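A.B. asks: Each chain is listed here by its residues.
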Amino acid sequence: MKTYLALMGMFGSLSLLSIGGGNTVLPEMHLRAVSGHHWMTNSQFADIFSISQAAPGPSILIVALVGYAAGLGVAGVAGGIAGGLLATVAMVIPAATLMYLITLSWQKAQKSKLRYAVEKGFAPLTVGLILATSLVMSKAADHDWRAYLITGVATLIFVRTNTNPLIVVGAAALLGYVGLV
Amino acid sequence: MSEPGATLQRVSLPEIALSFNHIALASFGGGLSAWSREVVVVQKQWMTEEEFLSAMTMCRIVPGANQVNLAVFVGTKLKGMAGAIAALIGLCLVPVTIILTLGFVYFTFKEVPAVKGALHGASAAAVALTLTMVIKTGKKCLTGVMPIALFLAAFILNGILRWPLLEVLGILAPLSLIWAWPRKRAEAAGA
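Protein chains in written order, with my numbering: chain A, -6 to 174; chain B, 11 to 201.
Rather than coming from a laboratory, the hints here were simulated on the basis of the structure.
Check before you lean on any hint, since a few could be wrong.
Which residues of chain A face chain B? A few of them, derived with a C-beta cut under 7 Å, are [as the list claims (entries may be wrong)]:
| id | residue |
| --- | --- |
| 1 | Val27 |
| 2 | Ile44 |
| 3 | Val120 |
| 4 | Gly172 |
The calculated EDC-like cross-link candidates involving lysine to aspartate or glutamate, where the alpha carbons are at most 20 Å apart (straight line), are [as the list claims (entries may be wrong)]:
| id | chain 1 | residue 1 | chain 2 | residue 2 |
| --- | --- | --- | --- | --- |
| 5 | B | Lys89 | B | Glu25 |
| 6 | B | Lys54 | B | Glu25 |
| 7 | B | Lys146 | A | Glu112 |
| 8 | B | Lys120 | A | Asp40 |
| 9 | A | Lys106 | B | Glu59 |
| 10 | A | Lys101 | A | Glu112 |
| 11 | B | Lys149 | B | Glu59 |
| 12 | A | Lys132 | A | Asp40 |
| 13 | B | Lys149 | A | Glu112 |
| 14 | B | Lys146 | B | Glu59 |
| 15 | B | Lys150 | A | Glu112 |
| 16 | B | Lys150 | B | Glu59 |
| 17 | A | Lys104 | B | Glu59 |
This one's a predicted model, so the numbers in the text were calculated from it and none came from an experiment.
Ideal Cβ placement from N, Cα and C applies to all residues, glycine included.
Just chain A, with the same shape it has in the complex (with noise of 0.2 Å):
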């Protein structure tokens, strides 16, 4: 009980500590579950953040891993899973609930100049960011210049053709796997 209460307390917290994305806590998050509550080692940390980048869905369900690490110290897979939930539940809600408030004001001001400012000065900006993101995921992928070439080739399938982009991402898996990557 107590180490579900430390978890739903700690991500709760880190919920909207959350500033700028979910891996602004990383730092912290590590901090608490390795030193801290000794849930899991450094190098399993380590393991989990790959896990949880290369899972489909948003890489925040980090937490998910931190949560079951926690649970299973408890009660075992049963107890992993119940700390698993339990962890994803505290960090998206109250940052969710947060974001829902400023949704409802912001559909409301539909007029307002601030909202016309927004949509025509962020445009640019936040194309300039993911470009940015597109740069650190190369990087942080530790791409060869195969990886760039195969970056390459797909964004002029992307751009020129109306190929379901499922079917490139799928082809350079199969690249990869066979170890052409």
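Fit chain B to the supplied structure of chain A, relying on the hints for placement.
C.D. replies: Coordinates of chain B only, in the frame set by chain A:
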């Protein structure tokens, strides 16, 4: 770009949940933002390009995971609180199941299933998807000196110099708002 609106009333909760489930599952290897745009702006036309892009940056400023916030934003816009909950469930339910299954395998057998190579390949294509989003959205909104300057500044500060996001936005967000602030009533009405 057509103004979505008329069709929005008819969106059902299962459709919202299934769309976000589709976005989440397609993002194997990364590229969640690009998939969100593909579904929300291109396929479903629930939002215009500019509304989507500006919402993305708002979602980064507000606490919480960006993609979770974006799901709440789109869900709330479509169907209020019920829509937000449907979007959240769609985005998280199946991925949580998958990740807990992977966690079970990892903590039981002490190793990650041998899919590392496949993921490496998929992430190269996911980067391409994100780059494509830059090209497609850039064509529409980088139409002047100021937009291009804002775009370059955001990319260089955050991507090359690796400044933290909040510092980048602390400088560029006010600049972009000053630039975009409607000066004449006619301009605002034309939006």
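A.B. asks: Please go over all the hints and tell whether each is borne out by the structure.
C.D. replies: Taking the hints in turn, this is what the structure says about them:
1. Val27: This hint is violated: A/Val27 lies away from chain B, its Cβ roughly 15 Å from the closest one there, beyond 7 Å.
2. Ile44: holds (5 Å)
3. Val120: holds (5 Å)
4. Gly172: holds (6 Å)
5. B/Lys89 to B/Glu25: holds (11 Å)
6. B/Lys54 to B/Glu25: With a Cα-Cα distance of about 10 Å, the restraint between B/Lys54 and B/Glu25 holds, given a limit of 20 Å.
7. B/Lys146 to A/Glu112: holds (17 Å)
8. B/Lys120 to A/Asp40: Holds: B/Lys120 and A/Asp40 sit about 10 Å apart, inside 20 Å.
9. A/Lys106 to B/Glu59: holds (19 Å)
10. A/Lys101 to A/Glu112: holds (15 Å)
11. B/Lys149 to B/Glu59: Satisfied, since the Cα-Cα distance of roughly 11 Å is no more than 20 Å.
12. A/Lys132 to A/Asp40: holds (18 Å)
13. B/Lys149 to A/Glu112: holds (16 Å)
14. B/Lys146 to B/Glu59: holds (10 Å)
15. B/Lys150 to A/Glu112: Distance of about 13 Å is within 20 Å: holds.
16. B/Lys150 to B/Glu59: holds (8 Å)
17. A/Lys104 to B/Glu59: holds (18 Å)
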